[in-house]
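Trainee: Each chain, letter by letter, is given below.
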Amino acid sequence: MSDEARCDAAAEELARRASERDPAAWTELFEEHYSAVYAFVRYRLHGAGEAEDLASQTFEVAYANARRFDYRGVPIQAWLIGIARNLCRDHVKKLRRRGHHEEITEMVTPPEPSRTESVDLRRDLATAMAVLTDDQQTVLSLRFVLDKSVAETAQLMDRSEDAVKNLQRRALAAMNRELLEMGFEGRSA
Amino acid sequence: MSERLDDLLEQALATGRLPEGISDEEADELAAALARSNDLRASVAAVDAEAEASMPAARARFERFLGEQQPSARPAGVTPTARPRFAGWFGRKTRLPALAAAAAVILVAAGLLVVPALFNDVETASAQVLVPGDYVQFQAVAGRPSDGSLPVESDFGEVSVVVDDQTEVVDATGAGAATIEPGRALVVAGVVGEDLRVRARTVSVAAVAGERPVSRRPQQLMQFHAHHGQVVALSLGDEGNPRVVVETSDGKLLVVKVDGPSLESLLERYSAAVGTPVQIVRVDGAPPGVFGVAPAPGEGGSQQPPGGPMHDRPMFMSVVGIAKQREANRLTVETREGDVTVELTRRTQVRIADPSVTPAQLLAQGVTGRFVTVVVVPHHQQRDQVIADVIIVGRPADDESGP
Chain U
1 MSDEARCDAA AEELARRASE RDPAAWTELF EEHYSAVYAF VRYRLHGAGE AEDLASQTFE
61 VAYANARRFD YRGVPIQAWL IGIARNLCRD HVKKLRRRGH HEEITEMVTP PEPSRTESVD
121 LRRDLATAMA VLTDDQQTVL SLRFVLDKSV AETAQLMDRS EDAVKNLQRR ALAAMNRELL
181 EMGFEGRSA
Chain P
1 MSERLDDLLE QALATGRLPE GISDEEADEL AAALARSNDL RASVAAVDAE AEASMPAARA
61 RFERFLGEQQ PSARPAGVTP TARPRFAGWF GRKTRLPALA AAAAVILVAA GLLVVPALFN
121 DVETASAQVL VPGDYVQFQA VAGRPSDGSL PVESDFGEVS VVVDDQTEVV DATGAGAATI
181 EPGRALVVAG VVGEDLRVRA RTVSVAAVAG ERPVSRRPQQ LMQFHAHHGQ VVALSLGDEG
241 NPRVVVETSD GKLLVVKVDG PSLESLLERY SAAVGTPVQI VRVDGAPPGV FGVAPAPGEG
301 GSQQPPGGPM HDRPMFMSVV GIAKQREANR LTVETREGDV TVELTRRTQV RIADPSVTPA
361 QLLAQGVTGR FVTVVVVPHH QQRDQVIADV IIVGRPADDE SGP
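If you're matching them up, the sequences are chains U and P in order. Numbering-wise, the first sequence is residues 1 to 189 according to the working numbering. Numbering-wise, the second sequence is residues 1 to 403 according to the working numbering.
For the record, the hints were derived by calculation from the structure and aren't laboratory data. Just so you know, not all the hints are guaranteed correct.
Negatives, chain U to chain P, calculated, CB over 12 Å [stated by the list, open to error]: (1) S2; (2) D3; (3) C7; (4) D8; (5) A10; (6) A11; (7) S19; (8) A24; (9) R68; (10) D70; (11) V74; (12) A78; (13) T133; (14) Q155.
Some, not all, of what chain U presents toward chain P, calculated at C-beta under 7 Å [what the hints assert, rightly or not]: (15) F30; (16) S35; (17) Y38; (18) A39; (19) R42; (20) A48; (21) S56; (22) F144; (23) K165; (24) R169; (25) L172.
Cβ coordinates follow ideal geometry from the N, Cα and C atoms, glycine included.
Given only the sequences and the hints, what does the whole structure look like? Please build it.
Mentor: Below, the structure written as structure tokens:
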């Protein structure tokens with residue numbers, strides 16, 4: 001058996017044990033995928049605390065639905081990312097329903113002075129990401145934060161590769177427009 | 001054309017360079033897209049560092065979750081052992097270090113949120129008063145810290161509190177630093193996370209041990225009854241529905257939606273609302289299920305609860321008055337003792353206690369001219385600074401309605 005085939009078999013076995021709610025399997029899955037789930041949600045949320053909350057919730061929801069997961073041929077990370085994506089969507093909707101809390105807070109609090117370029121960059125990126133559509137946010141998170149290939153992204157998003165390429169171009173263009181409107185000079189390629 | 005650009009971009013992303021033989025317009029678009037993709041990639045290290053930093057707490061939470069899912073973690077038919085009644089809170093029998101404060105700010109309304117029953121009966125009770133996003137203040141007894149969390153025993157069950165470098169831990173005077181030791185009486189103020197853990201912004205620690213409360217399942221007060229009791233928790237969400245949790249004289253734990261004016265009056269009179277003896281009163285014109293709270297008969301105008309000196313109660317500093325002027329990051333509040341200038345920071349949170357104003361309306365009108373209650377960040381080293389931790393925005397000052 002080739003190394004790749006062995007890896008596939010091991011992953012499928014792990015996924016099978018997870019679908020049976022084996023705690024040891026879930027601990028292993030957590031260690032393996034927590035950082036990726038965190039990175040996926042980070043730019044879609046307001047801060048590290050929220051990202052930690054939602055990343056943690058992803059695993060809890062996944063465990064609760066473990067028996068419904070078809071582990072044969074479906075990468076478990078794809079399943080986890082799908083759950084994280086839904087949780088993010090629901091979370092943002094809930095915040096919007098609860099009122100303009102962030103706007104009110106910003107109304108009475110001054111903007112924090114910038115410290116380093118990288119910190120500014122992240123805040124500007126997060127702000128620009130927030131105005132993108134859910135699909136645009138997803139493709140940018142998968143392609144450039146999680147460094148997924150077009151083929152992997154297409155599988156995770158259940159789209160064709162051409163659709164992913166088109167989506168990423170539109171998403172990057174939309175992000176660029178938003179950053180320019182915010183006055184971000186940025187660096188050229 | 002669109003497909004061509006899609007493919008050209010993919011080439012540029014793969015090589016890091018603009019392809020040859022493209023028009024100026026195509027070059028402009030591709031250069032911008034490439035730059036933005038590089039910006040995202042450049043930030044990955046910072047995101048990874050954050051993920052790594054959050055891993056221990058997240059791991060502990062998931063391990064706890066996994067443990068609670070196992071059949072052996074949920075014994076059937078076992079009721080919690082009765083613990084000694086928590087007597088002497090805040091000036092009754094137990095003398096706790098005191099805090100001289102201008103007025104107490106009461107925090108966050110706790111809603112009745114029913115969450116999937118992952119816990120035993122005691123923890124389910126605490127889940128019913130903690131609403132994600134709400135700002136809460138409640139009394140408790142400290143447990144032993146574990147895996148980045150501090151479990152505390154409240155009147156409504158065990159609550160997991162996150163104490164980190166953003167948390168101010170002060171003694172009961174509010175002016176000195178303190179450490180949290182297991183068994184100490186506390187007042188915790190913070191924001192409820194999605195996982196129902198409370199991110200503590202301030203923890204006031206008594207110098208003596210507190211008696212652990214007997215946890216009870218709280219009930220929502222729907223019909224008026226002139227209950228007497230003591231406030232054990234307060235909360236305020238975004239929608240302007242302040243709530244208090246009252247331990248009644250006959251041992252019930254009630255969640256009471258209260259009207260803004262009576263709550264403001266209570267806060268003005270007492271320097272700490274948690275631990276205050278109150279009675280539930282009717283409020284003319286209040287919506288169904290909303291009541292008033294007033295000092296229990298016999299309390300008069302005292303600024304401290306009966307039965308003990310003020311210095312027995314751990315409390316928070318606060319400023320209560322009318323927002324007079326806002327300039328940059330300073331808010332001037334007109335109080336009974338004169339004007340107080342409060343500094344606002346990025347950390348300052350705002351909550352609305354007036355249910356008649358929507359967040360959008362408040363955005364348009366601003367806070368000037370409204371009653372405000374400002375929880376002050378304990379600042380034991382720089383006492384000439386008054387820094388706002390939470391601003392509770394009440395009704396307009398020219399509103400004649402009252403309890």
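Trainee: Looking back at the hints listed earlier, which ones does the structure fail to meet?
Mentor: 8
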